Structures are given as structure tokens and as C-alpha cells.
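Chemist: Construct the entire structure; sequences and hints are all you get.
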Amino acid sequence: MRDVLIPLAVVVGVLAGVFAVAAQLVWLERRLLALWQDRYGPNRVGPFGLLQVVADGIKLLSKEDWTPPFADKGVFVLAPAIAATAALLSFAVVPFAQNIVISDLNIGLLFFLAMSSLGVYGVVLGGWASNNKYGLLGSLRAAGQMISYEVFMGLSLCGVVLMAGSLRLNAVVEAQREMWFFVPQFLGLAVFVIAGLAETRRIPFDLPEAENELVAGYHTEYSSMKFAMFFLGEYLGITLISSMIVTLFFGGWLGPWLPGLVWFLLKIAVCIIGFILIRAALPRLRYDQLMALGWKVLLPLALLNIIVTGGVVLASGSRLSD
Amino acid sequence: MANIFTTLWRVFRHAFRPRVTVQYPEQKFYLPPRWRGRIILSRDPDGEERCVACYLCAVACPVDCIALQATEDEHGRRYPEFFRINFSRCIFCGFCEEACPTYAIQLTPDMEMSEYRRQDMVYEKEDLLIEGTGKYRDYNYYRVAGLAIGGKDKGEAEREQAPVDLRSLLP
Amino acid sequence: MTTIYIDNRPYEVAEGQNLLRACLSLGFNLPYFCWHPAMHSVGACRQCAVKQFKDENDTKGRIVMACMTPASEGTRISIDDPEAKAFRAGVIELLMVNHPHDCPVCDEGGECHLQDMTLMTGHTYRRYRFAKRTHRNQDLGPFVTHEMNRCIACYRCVRFYRDYAGGRDFDVFQWHNNVYFGRQSDGVLENEFSGNLVEVCPTGVFTDKTLARHYARKWDLQTAPSICVHCSVGCNTIPGERYGKLRRIRNRYNREVNGYFLCDRGRYGYEFVNGPQRIRRAMFCYQPETAAEPFGRLAAIERARVLLEPCQHVLGIGSPRASLEANFALWTLVGPDNFYRGVSAKECRLTDTAIDMMRSSDMPAPSLHDVERSDAVLVLGEDLTNTAPMLALAVRHSTLQREIDLTEKLHIHWWDDAAIRVALQQRRGPLFVATPAETKLDDVATHIYHGVPDDLVRFAQAIAEALTAPIRRPEGMSPDLTALVEKVAETLYLAQRPVIVSGVGCGSEELIRAAANIAKALGSAGRRPGLAFAFPECNSVGLGLLGGGSLEEACRVATTDRAAAVVVLENNLFRRVPEPQLRSLVDRSRHLIAIDHEENETTDFAEIVFPSASFAESDGTLVNYEGRAQRFFRVLVGAEETQESWRWIWELLPKEQQAAHAWESFDGIQADLAQTMPAFAPILQTSPRAVVRIVGQKIARQHARFSGRTAIHTDQDVRETPPPVDRDSPLTFSMEGYQRMVPLSIAPRQWAPGWNSPQALPRFQEELRSLQELDYRGQTLIARLPSEESGYFASLPPAFERRPDEWLLISLYHIFGAEELSVLAPAIAQLTPPPYLALHPDDADELGLDQDDEVEVKIGGQTLRLASRWNLSLARGVAGISVGLPGVPPLELPVWAGLKRVVSA
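If you read the sequences in order, they're chains A, B and C. Letter by letter, the first sequence follows residues 1 to 322 of this note's numbering. Letter by letter, the second sequence follows residues 323 to 493 of this note's numbering. Letter by letter, the third sequence follows residues 494 to 1398 of this note's numbering.
Hints were generated in silico from the structure; no laboratory data involved. Since this is a predicted model, take the numbers as computed values, not measurements. Hints are supplied without guarantee of correctness; some may be wrong.
[To be verified] Below, simulated DSSO-like cross-link-like pairs (lysine-lysine); rule was C-alpha separation at most 27 Å, straight line:
hint, chain 1, residue 1, chain 2, residue 2
1, B, K447, C, K738
2, C, K702, C, K625
3, C, K738, C, K1191
4, C, K702, C, K738
5, B, K474, C, K625
6, C, K553, C, K578
7, A, K73, A, K59
8, C, K1351, C, K839
9, B, K474, B, K447
10, C, K702, B, K474
11, A, K63, A, K133
12, B, K447, C, K702
[To be verified] Residues from chain B that face chain A, not an exhaustive set, calculated with beta carbons under 8 Å:
hint, residue
13, I326
14, T329
15, L330
16, A337
17, R339
18, V342
19, V344
20, Y346
Virtual Cβ for every residue (Gly too), placed ideally from N, Cα, C.
Modeler: Given below as C-alpha cells:
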């Protein structure tokens, strides 16, 4: 019975927690952007405007759920679901604390990479099914961007895997008891952060929805709850990438005095704020710059990181025996 | 590369700057007297309606949101029978005020005029007419016009001679 | 054509033309005040100054007045010369010295020639700091408001009122800076054309008093080209509408018809459109003896169809005040055999005779323009000023024509008005007026002859005989009269363009034939005389051409055929024949369906009443006195259930007939009419089809500056509805559409950039001439038959002799009040005299009657009580009745009747 109830509780808890965090991120992002722009941001609904997300939710729910007559209806409905689900699935392997993980797979990292790659389907299909030129262009960009950066993202993590000697995320966290990986793997971290931004299509890599050229990119035709799913997918993405950064480079739930979960949450909070700060400060890249950065800078860096880490690990000869 | 971090830092520092947002409606802000807000119809220093229903505001209006009908009292004084502004169309450009030859129509520093029903945005003369002279205290159109009205005969306006006596041949 | 140089560029203009007119029609903006295209130049205002140069080497030049300088080969002038510009600016500054600060409260504002000219010369700031001269105003009656402060002393008003229209009670007074234009004292302007002062005055001294009661600026009026419905002349008008009410009538230039002016009945009769007597909803009379009540459109149609279906005969009563299309629709509904014209048998006869005479005449009936240019006019029996006012104005103007022709020998240009008047002094060309009583044309007539209609016939026959017509000479004519006959005959024979004007007003068929006799005699003598008849109503000729029996015949049929239902179209039968005769037709037990826009006795009797549209709310064709078919366009959309009569009738047609008659739009019914009756085919040329677009646009009825679009209806509902769709014409009820100049027959307004007043017209008249091929100025429907020598009318009535106890009653007409629709306008009603009986004072003495005593008249079965009046021009033994005025029943005149003084108790 315990075997079933505890994992179930974990699943439900994680799902609820992740949803709550993603939803509240809307509020957080707007407040923080306002903070850095000398404004207040949403502060009217509830204390500090915390209930803004409720208002937004009601608004989105009550909007007309419009499916364009020229759209490919089935795919049109499916796409936002894929986008949200793919992001959500990766949370199955994230160790929120030592014991709070839905499934501590031994290929956890691989699973994460696989699932985040699936996210591109949501975007591509959404843009394609919209049968809208902006949507199509947006999704084409997204496909190019996400597939490219998937490569560096995977490569950037090889260093971590080499050092941890395992793809299981809890093992990766455990491996950081002496030293968080961001010190030896700062190159990997840099590449991973940039690739993560690109994966989540955040500024400065939000070309798929560049509003001044593509209206709203792949979700131009989306409204109401379907739009909300894309929206949710994006914030889930941020949370996920933050969780991965924390898990892989900042010791995950490790930390003194406080319980592991609290440490984990604190760390991802800082990480998310960092993401938002980047959005607040940096301008959007041009598409050719994006690709050049990826293939000409990040790829060599990631490869260099693997070689150096591999060399060092080989030289120290410590963990390879696992 | 360093630029990016400088930018990030600079933006981050804004978190500790004072806010520029004015917390309306708890905090009111200053609207200058010539602010182009809610339109009113004023009265002349004698307390009579200034509007002479010349239709110039209506024709100047780029969104055609002013409609009125001229009429006359028994002494020949012109005034609007009705005067309607559809504020749901008004763009507060102030052309009506500029066109008005009698300073009757004026824009005021009041912009709090939202309504839940669009129909309530239609203002009639009763809603527009105020008791005072508005921005221009002393002007009285009929004191300079040549038209005779009740209380002002021919030749009694500013800079007017007494009416010509047609029976006289004196120069 | 000759070449002149304006600012060193060559232009082709007409030889001898004055430079002002030439410049204006070439499109130059040259300001002026005293010049008027109909009244020409006097050179008084000094505003049209230009610089004239001797030749191309002359750099100095001299300032001349363009309106007083003829265009000759090689004339070189400069409009843009700085000195000429400064001169013009100086003149306007001086004119403006005393002009009051009135524009916002002035009705002329927005269509003011003075405003336009002031702006044109660039005088935008008043430097004059001293006191302004002021004047007191006069009350000039219900038509014209007087505001003398605004006067700039251009003298156009007196030139029009006295010189052109022949008024006597208006003049210029005082001197130098104080000149005053007005009457000797307050009072109603007596001239029938006083309303033109509003358009003639370049500023706001004279403004439209009826407009002031519901004032709207020119740019706010929704306008469309229309035709006046108040007499048979068919003047072209531009009515203006705002907020669903007709606001005013303005003149629309048509060279052939009314030129630049309108009569006061046409200008001020429009207010019946807004009257409380208008029917706006379909009504049904639930029980006999009760008033009809609103019934709902569809229910009323359904009820009418149920009523009409079982009837073997449906009698259709047409109307001379309804459009050709409406009458044709009724003709179609009831069939040719059951269509009646809705006028008395006598009027039918008179109209038919007159039309026959026009058909057999050698010349087409003269237009007003032709009458104006005529050099000898004979008026036979018609009081034109009161029955066809604009025709009277044309006749009045014609008296100058011969003398103007003569001035060419003195090297005076035809447009040099002041010089011509000095040369003419009081000389006038030949005009002979032979009428039963005095007329307003008597003052310009060379000779006047007053006689009863029969005597007029004898007079006319004598003239025809003197012109060698093979008819008997009337015997027993006085030597004076014989001399007059000889003189008239000689003058007409010698004239280049003689015109004979008669009409149905006398009630004498013989007079119409006699008038035609004179024309025929002149024709066979190789002359080309014009023959014009005045008809009673705006579409009398059209209805005459359509044919159909008289109202009496309809009554007879109704007496024998009890089962017949009656449909009455826009007609008050009680104005047509005496009430007892109508009994069988307007019986309470009979199904009477009336289609009308005014409540009257007939609609009171009707079981079902459909609200038809007045001229302002409908499209239609009217045929004027010369047989000219002219199209009028809808100015406004009728309120509530109002729609055109032919649309109502179409809805009453049986289903299978509806399919056969495609009357969805006006073009449909016009095409149907032209196809069914080929004689009417020319009406298709009177206007463009509804599908016509100019650069892809319809013509906008609303000015580009039309205001209040998003506020007019918002007191009802803040949501805006799209403008009504006009399927019937290439015009649209919107400000979106073609705004620039189009041919005047389809032009909703006369406007040129910078020229907002009626004076915009001369500005583009040249342009108009080039548009003439496109123009639809009316088409004559009178197909002329070759004249027959044998066709002389030979009958001679006996000379008039007094009878001891009886008086011959004749008709006296009144411009204000005698017409059914205009009398409903308050301004016209105000000037309508109470009904009266006019007698020679000696006759009145005999009866013991003083002015305004009540007198009893016994005609046939009817007894009338009227106030008595003296009229010195009536012969002894003759009494005149003011026919058509409210309170006077329909009468068949002339007729003998007994008179009796009523002794008040």
C-alpha cells in the first residue's frame, strides 16, 4: 500500500507544485520586469497582486475558444497539449529532494533530453496546423532553433555525466557533495544555460514568436485555453531548465541546515529570476546570429568541454570504474 | 560578453530606484487647465448660454460626434435647441474648442468619465452646460456682434454707432 | 472665339464677353460682388480689378474692372499682378469696415459670397478700430429676414427686385456710408420673387426666414436634384434635408428652364413635407364613420389585396400632382379601361386641347429661356404671375429683349447693364396682355386688354384673322379694339421670335384653340412663333399624355357598378369636383383605398390609407408645361412606413403580375413604362441609370463636411446603423461618394473649391457646357404632328353682355394659397388671402356691398358665402372668385350665377 500511496502522493504533489510554480511565474515575471523598469507591475488583484494569475486564468477561460476554419483541426488541438505535456513529462525524473522524485530512472538525463526534444513537436505542429504564414514561419524557426540547440545542450551535459559517472539525476546530485559542478563545469554550464534559453524560446532567443515581424509566431491563431497551454508550456519549460541547472550544476537539493526541498526551491527561484533578468535586459538576436552562435561558438565550446573534462577525468582516473 | 553582464547589472540595479508609476486612482495627478478632457458648454459673464449654435464645432469635429440644432428666442438670440456629444466617439482633439467663435465649448481637465453602458457616454445639453464661464472669464459674444437681441439693441454693442436715421440727410 | 492673354498665357474665350465672366469660366478665382450672371455688369463694387496691358511690351499696365472690359483679340490682362491684388484687398477691406462680427449667428455663414471673397483676397485681419455704422432692420414678411448691418452696398438686391423682377416696394435709401436697402416701412415684400434676394445677396442681409426656424448650415444639408411640384413650369431645385426634415429649397440652374431664380411658392412651399398632416403609417378604418388607425404595413397590404381580389373592376383615380411612374403603376394595377385621371371633365378637356394644340404647332413649346429671349409676347387669358410665376418672370424679362438687341447699334455690350438701362430709359419691347382681370404683368405691358374669356376668344380670333387666317372676323368690335388687334397682329408678324402664352386658367377651350390659331396663322406666314400654355399642376401634361377618363366618368361608373373598388392615388377628389357628384365614389360602404402623403377629405373617407412619399422622399418624373420630362431624386428617406406610391401599388399587384413587372427599382418601372407606352420612351434619357458610377463611386448626397454623423441618432441608440441604400439612383445617402462637379441635372449641390455660395455657379459654367453632352436636362414628350392648313378653329362666341340679375363668375388665381400642397406650408399660409368674390365697385354699389361684406353666391346646387372685394379691372357684370383657396369648393368657371348680399343678423 505504501508502495503505491507514496509515489502517488509524490506524483500528485509534483504535478500540483509544478503547475502552481509555472502559473505563479506569470505574476513573478510581470512583477520582476516591472521592478527592473521602475514600475510596480500587477499589484491590484489580491495581496501584492498575487491573485493576478487567477484573474488571468478566468480571463483566458472565458475567452472565445476559436479554431480557425482553415486550420487542421485535429493537429491544431493536439499541438498545445504536446507542448505542455512534453515539458511536464521531464519533471518525472527531476529529484526535488533526496526522496521526492517520481521516477529516479537510471537514464534520467537522457529522458530529460528526449522529452525536451519532444517539445519541438508542439511548436512545429501548432504553427503548421494554424495554416497561417506567421504561424508557419514561427514554427520553422522554432524547429531549426530547437533542433540545433538540442545538440549543444546534450553535448554540454556530457561533462557532467563524465564527472558524475551516471545518467541518474540523484546520482549526479550525490556526486556534487564535495563540489558543485558549476565550478569544474563552468563551460558546460554556460553552454547549457544558453541552450536552455533557446530551448524554452525565451528572450534573447524568442525568434519563433518575434512579435514585431511574425505577429505572435506559431501561436498567432491560438486563443483561450489552447493559448494558455502554450503559455503554460513555456513557463513549465523555464521551471524545468532551472531545475536541471540546479540539479546538474548547483548541487540540486544539497545544502546545509535546511531540508533538501527548500534548498532546491530556493536555488531554482534564483535561477528563474536570473532568466527573467535576462529577459528584462537583453535584446533579441537575429536569426543568423542565433545560428552562428550555436554552430560556431557553442558547439566548439561544448566539444572542448567534453575533451578537457574527459582528459581530466581520465587523468584522475577516479570514477570511470563505476 | 562583458557588455551583457554590464547590461544585466544595470538593469538589476533598477530594482532599487524609485517607481515612476502614479498609483491612480489613490494618487491623483496634476492636469493643467488646458488639458483636453471632458467637454463642457460655458455661460457668458451675464449667466446666459454662450453657445450660439453656429455648427462650427460640429463641422470641425473629425469624428463627427457633435450634433446640435439651432433655434432662436423671441428676441433673436440664438441658442442650441439640443446639443449632443457622443463621447464614445470623441477623441478629445480639441478642434471644437478651437473652432468655437464664442468660447462656449471648452475642454476641461477631467478625464474620469468611464461608463459601464456605452449609451451613457452620450451627453445632452443638460449634461454639458455648466454654470460658469470656464477658462475665459470676460468674453461675451453678443457684446461685439452686430445682431440685436433682448437687452441689447442695434448700436449698443462695443464700438458701434447709433443706428442711422433714415429720415435724416445730415452727414 | 478670340484669344486673350491672362498672366501671359493664351486662352480662347467668346468674343465680346466681359473679362470677369471669361476669367471665371476659365477657372480663375477672381473676386466680384455686383456682377451677376443674369443681371450682368454695372461695375459698382470695384472688386474684380485686374491689370490690363497694351501689348506684350507694356510692363506698366493699368487697372481695369474685369466685368466692364470686353474680351477682344489680344487682350492682355494680369490677375496675379501685385498692384491689382493689393487693389482688390483694399476694396474688400473697405467693404468690411462696417461689416458686423456676426458670422456665427448669420444664416449665410458657410455659403456666403462675402466670406469667400474675403478669404480669396487674403483680408483676414480687421485693422479698422473705430465705431461701426449700424442700421435698424425691417420686418419683410414671412419669407425674408432683413439684417441691414451686414450690407456691403453692392446694389444687387435692388437691381434684382426692381429691374429684373419688377417689384416696386423695395428700394435704396439714404446716401454715402448710410445707404439702406429696404422698404419705405415694415411690411411684406409684394413681389412674388422676393425669395431670390436670399440667393442674390452676396452676404447675409437677406436670409431665408423659413430656414431660420429650423436652421442648418449648408454643409449639413443632405441634398439632391429635384423638381418643383407647385406649378406646371417644373423649375429645377435643390431641396436640403437635415434630421429627417426638409429645411429649404434652393435654385438649381437649368439654362432651359429656371436659370438662376425661383418663385416664392416654389421656394417656400416645401414645408408641407414636414407638416403635421403628413401620413406616415398605413392606416385602416375598422368601422365606417370612424377614423382610420395605424394598422401595420404588411397587414394593410394583405387587407387591401383581400379587398381588391373579388372586385371585378378596380377603379384607379390618378393624379396630376403624382409622378408619371406613380400614375403608370396605378394604370397597370387597374388596367387601361379603369384608369381615370382624377381631374374634372372640364380640366381634362382643356388639358387635352392644349396638348393637341402643342402637338400640331410648328415649333416645340418655348422653354423659359426661349420666352425670355422672345421679342414680342402675347399673353392670352392667363394670370401668369399667379399660375406659372416663373413664366411671368420670363415674359417680364422678354420686354427688354428687343431693346437690348437694338443697343448693339449703339456699341453697347449686351452685358453692360447700366449703360443699357440708360440707353433704354423706360422703353420696353412689345408685350400684349389680354386677361379677364388685371395681372402683375400689366405694368410692363405695351397694351392691356381686359375682357371675359369669350371676349378674349373674339380678340384672339380677330388677331388671327388679321394675320390672314381664313376665319370670320368678329363683328361689333370697338374701333380702339380693332386698332389694338391690328397693332398686335403687326407686331407679332414683324417679330423675330414671337411667343403666344395662354393657358387653361381661363377655363376656356376656345381660347386655347384661338391662341393656337394665332400661332398657326403666324406659322403659315412664314414666322416661327412659340406657343406655350400654362397648366394647372406639376404633372398635368404627363397625366394628359397618359390619358384616361375624367373624375365625373369614374363617378358615373361607380354609380352603375356597385361592386367596384376604388384606388385613389395622391389626389384629394374633393378639390376636383363638387362633393355631391363624388357621393357614389366616396361612399362609406365602398372599398376606397387611398395612397397619399397628406391627410385630406379623401383619405378621411378611405378604408385603407397607404402613406406615399412626397417629392422629397421619392424618385419620379414630372412633365412640365412644354412637355419636358424631368427627373427628380429622393432627398431623404421617408419616415416610418412612407414609400413611393408605385412601390405600394406594386405590393398590391397580384402575384403573377408582380413577376411580370420588375419594379424592384425606379429603373425597373421606368423601363416598364417606356416599353408599355413607347411615347414615354424619352424619359429613359432624363437621368442616368442607377448602376452608373463616377470613378467607381456613387454621387454623395451629403457634403464632404457633413457633420454629426456619429451623434445624430445616438439619443435613440448609441450603436450606429449603416446609411440607407438607394437602389433607384446613382446617388447615395452618405458623405462617402463622388463630391466633385457632375452635370447639374444629377448634382446634389453647386460648389467649387473656395466658392461656397450660390455664386459658385458662374465659376464653372464653362465647365458645365462641356458636360452638356452628358447632361440630362429633360426630354420633350410632345411628338409634333405636321400642321394642317384646314386645322383652323373657326367658332366665334358671342360678345359679352351684362345680364340684369346674374353675374358671370370667372376664376381669379393666387400664387399663395391656390395650390394644394404649398398652402400647407406655414409661410405660404400666412400670405394666403381669405376667400373672396371680386366685383367692379359700381356692381358692388348696386348690390349694396362694401369691401369685406359677406356675399352669397348660388352656383348650380351650391351656395357659397364669400367676402366681397373691389376690383376695378373687372368688367361690369363680371365677378371673380378666388379659386383654389382653402374654403372655396371646386367650381366650373366661367358660369353665370346670382349674387346676394348677406345681411348679418
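Chemist: If a hint holds in the structure, say so; if it does not, say that too.
Modeler: Here is how each hint holds up against the structure:
A distance of roughly 21 Å separates the Cα atoms of K447 (chain B) and K738 (chain C); the hinted pair therefore holds under the 27 Å criterion. For the suggested pair K702 (chain C) and K625 (chain C), the alpha carbons sit about 26 Å apart, so the restraint of at most 27 Å is met. Using a Cα cut-off of 27 Å, the hinted pair K738 (chain C) and K1191 (chain C) holds, with the two alpha carbons roughly 23 Å apart. The suggested pairing of K702 (chain C) with K738 (chain C) holds, with an alpha-carbon distance near 16 Å, which does not exceed 27 Å.
A C-alpha spacing of about 16 Å is found between K474 (chain B) and K625 (chain C), which places the hinted pair at or below 27 Å, so the restraint holds. Between K553 (chain C) and K578 (chain C) the alpha-carbon distance is near 15 Å, which keeps this suggested pair within the 27 Å criterion. Taking the CA atoms of K73 (chain A) and K59 (chain A), the gap is about 23 Å. The hint holds against a cut of 27 Å. Distance restraint check for K1351 (chain C) and K839 (chain C): the Cα-Cα separation of roughly 20 Å lies within the 27 Å cut-off, and the hinted pair is therefore satisfied.
A hinted pair counts as satisfied when its Cα atoms are at most 27 Å apart, and K474 (chain B) with K447 (chain B) qualifies at roughly 25 Å. Straight-line distance between C-alpha atoms of K702 (chain C) and K474 (chain B) comes to about 22 Å, which keeps the hinted pair within the 27 Å bound. A threshold of 27 Å between alpha carbons decides the hint, and for K63 (chain A) with K133 (chain A) the separation of about 24 Å falls inside it, so the pair holds. For the proposed pair K447 (chain B) and K702 (chain C), the alpha carbon gap of about 25 Å is at most 27 Å, so the pair holds.
This hint holds: I326 (chain B) has a C-beta 7 Å from the nearest C-beta of chain A, less than the 8 Å allowed. Proximity of T329 (chain B) to chain A holds as hinted, the smallest CB-CB distance being about 5 Å (cut-off 8 Å). Contact between L330 (chain B) and chain A, as hinted, is supported at the beta carbon level, the nearest pair being about 5 Å apart and thus within 8 Å. The restraint placing A337 (chain B) at the interface with chain A holds, with a minimum CB-CB distance near 5 Å, inside the 8 Å limit.
About 5 Å separates the beta-carbon of R339 (chain B) from the nearest beta-carbon of chain A, less than 8 Å, and the hint is met. Evaluation of the V342 (chain B) hint against chain A yields a held restraint, the C-beta minimum of about 5 Å falling below 8 Å. For V344 (chain B), the interface hint is violated, the least distance from its beta-carbon to any beta-carbon of chain A being 10 Å, above 8 Å. The beta carbon of Y346 (chain B) is not positioned within 8 Å of any beta carbon in chain A (closest approach about 11 Å), and the interface hint is therefore violated.
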